[in-house]
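Chains as they are written, first to last, in the numbering used here: chain A, 126 to 219; chain B, 3 to 597.
There may be inaccurate statements among the hints.
Within a straight-line C-alpha distance of at most 30 angstroms, the following computed DSBU-like cross-link-like pairs (lysine-lysine) qualify [said to hold, decoys possible]: (1) K341/B / K362/B; (2) K350/B / K383/B; (3) K504/B / K568/B; (4) K500/B / K210/A; (5) K362/B / K446/B; (6) K213/A / K504/B; (7) K139/A / K102/B; (8) K102/B / K210/A.
A few chain A residues that face chain B, going by a derived Cβ cut-off under 8 angstroms, partial list only [claimed, not checked]: (9) L156; (10) S163; (11) F164; (12) F186; (13) F197; (14) D212.
Don't read these hints as lab results, they were simulated from the structure. C-beta atoms are modelled at their ideal positions from N, C-alpha and C, and glycine is treated no differently.
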Amino acid sequence: MTDHTSQNAQSAEKSDQGYWAANVRIILISLVIWAVVSFGFGIILRPLLSGITVGGTDLGFWFAQQGSILVFLGLIFFYAWRMNKLDKEFGVEE
Amino acid sequence: MDQFTINLLFVGASFALYIGIAIWARAGSTSEFYAAGRGVHPVTNGMATAADWMSAASFISMAGLIAFTGYDNSSFLMGWTGGYVLLALLLAPYLRKFGKFTVSEFIGDRFYSSTARVVAVICLIVASTTYVIGQMTGVGVAFGRFLEISNFWGLIIGAGVVFAYAVLGGMKGVTYTQVAQYCVLIMAYTIPAIFISLQLTGTPVPALGLFGDHVASGEPLLAKLDAVVAELGFNEYTAHHADTFNMVLFTLSLMIGTAGLPHVIMRFFTVPRVADARWSAGWTLVFIALLYLTAPAVGAMARLNITEMMWPNGAAGEPVSVETIADDEKYNWMATWQKTGLLGWEDKNGDGRIAYFNEKDADTVAKMEAAGWGSENELTKFNRDILVLANPEIANLPGWVIGLVAAGGLAAALSTAAGLLLAISTAVSHDLMKGQLTPNISEKNELLSARIAMAVAIVIATILGLNPPGFAAQTVALAFGLAAASIFPALMMGIFTKVNNKGAVAGMLAGLTVTLIYIFLHKGWLFIPGTNSFTDADPLLGTIKSTSFGAIGALVNFCVAFTVSKFTAPIPTEIEDLVESVRVPRGAGAAVEGH
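Taking the hints into account, I'd like the entire structure generated from these sequences.
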């Protein structure tokens, strides 16, 4: 009986670690996209996008004033959806 | 009915609505006072958080700063929305799981140190008070305009209203009131923008109109704007002129600061479950994005409208005459705004015309002199903070739209000022008095100390708001720098690393101190004008302006914390368990009152 509980506790701990590692991976991917659309396309890489015109200006300007905000929205909802799924996969939901 | 009466009617009706809701939803218990119980739906919470978040800086000030600078001020747009990604991914779900009421409670428990809690309270008070100064600047502009009095008296009256309003209720009253405020402010922001977008581009969606064609000329709107402002010697609107490194740092500071501001974080303690904290951040950004996607269109279109008003026949024609400004109904807004002291013009060369151009650009000055309009810019004062409020008048929109905008601007400033004052008073009464100094304080005295803290904060903010260190949004940006350098790193390290108590305290103190000193060196000690040793035009370190220093302060915070933590005792087992438990949603209960 004691063995069984400690095994359970061990496997719960192991699954919690797997859950956390998966979470950190999703966060890292999301933050890379977050940085690329704002600091990248919106500011530093804007000269590279200057060839693509959008309504009287270029794609970089669009990313700085509209695009990055839309991507941020997508990222947060993606993360919420993905994590709720992950919670269930690892059985750690409330 | 004259405009003054219409404004009064709209502002009065909206206030009656907020007060009615506040009375209807009065907080019944301490738990409700701080965290609105557990019954707030993510969408409702998102809307209230959006109202709490979008302040005078977003509503009144931001579009004006974008209008007069163009692309370079895109930092405000990316910074104040991008921070929600950090908040949603790095903080909100874990702080909800932790299940206490305040940010300093988390820091105190996670770093098992009452010193850490007190330091967090200090950081929070410094950042929030700076933030309130920016709000008071906006409140002064809004009250000054709609009561048609000077900016000074607008500020004094505004301070009284904010105080009365914040004292009224706790979080629950505030939550439902803020939903109403959100509705008022988003209508007030988007309706005039839709009208103006239709006038200029024929598109009812301002965000699309910005990239659409200018109806009158057939050219793309932004290309037209670039050409018009360049003719008057100003920087092209869409071009990149700012220092890239500083722009990146500034954007980053605003993002990190967003995720470190206590009054926003507190909101995520009020949702029922961890999953809801994740959705709630998304919904908040949806409601914020409605304004933020519209703001750049408001800025660009207003800039075009103003320029064309000053040069009715283009830069090749003649400037608007003094008589036209005095007699033509379309120019009435100039006289009304002149009363606030925030707009000014002077016919310096006595030609009966007001020439508006960039007098620092030698070629343009030569051109203007040759045309006989003199060598000086005669639109002598155009405070950036008046642009959004003046915008419907500039575009000649109906009176009710102008009244709605006045109500919206006040809703934005009041909701945020109230949220911040609640955060400050909670920090003083709950974290400092009850948590540290006088643990046996009665509930009545706790509430009394909360109100005294509010009063002190608002008096300080009003005095400093009379001589603000910048336009509303710039002052608010300083507050974000302070939050970025102090609170955010401590929270993040608390969740993602095993940094110990000494590391966290040293990190927060180092981050706050260097950032505060850097800001004071550039903006004056305690923002007192004339006591600064440097200016943002020629900053101490490279191209880093004081508004951008928060990101550097955060870096200092992280480095100091890791170094100190490495050389001191590791965290005890029970704290290690706490960190493990915060990382997993399972078993999140309702928030409990801590000590």
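Now for the hints, and whether the structure bears them out:
no. : hint            : result
1   : K341/B / K362/B : 27 angstroms, holds
2   : K350/B / K383/B : 13 angstroms, holds
3   : K504/B / K568/B : 10 angstroms, holds
4   : K500/B / K210/A : 27 angstroms, holds
5   : K362/B / K446/B : 60 angstroms, violated
6   : K213/A / K504/B : 37 angstroms, violated
7   : K139/A / K102/B : 27 angstroms, holds
8   : K102/B / K210/A : 26 angstroms, holds
9   : L156            : 7 angstroms, holds
10  : S163            : 5 angstroms, holds
11  : F164            : 6 angstroms, holds
12  : F186            : 5 angstroms, holds
13  : F197            : 5 angstroms, holds
14  : D212            : 6 angstroms, holds
Going through the hint list in order, the structure does not satisfy hints 5, 6.
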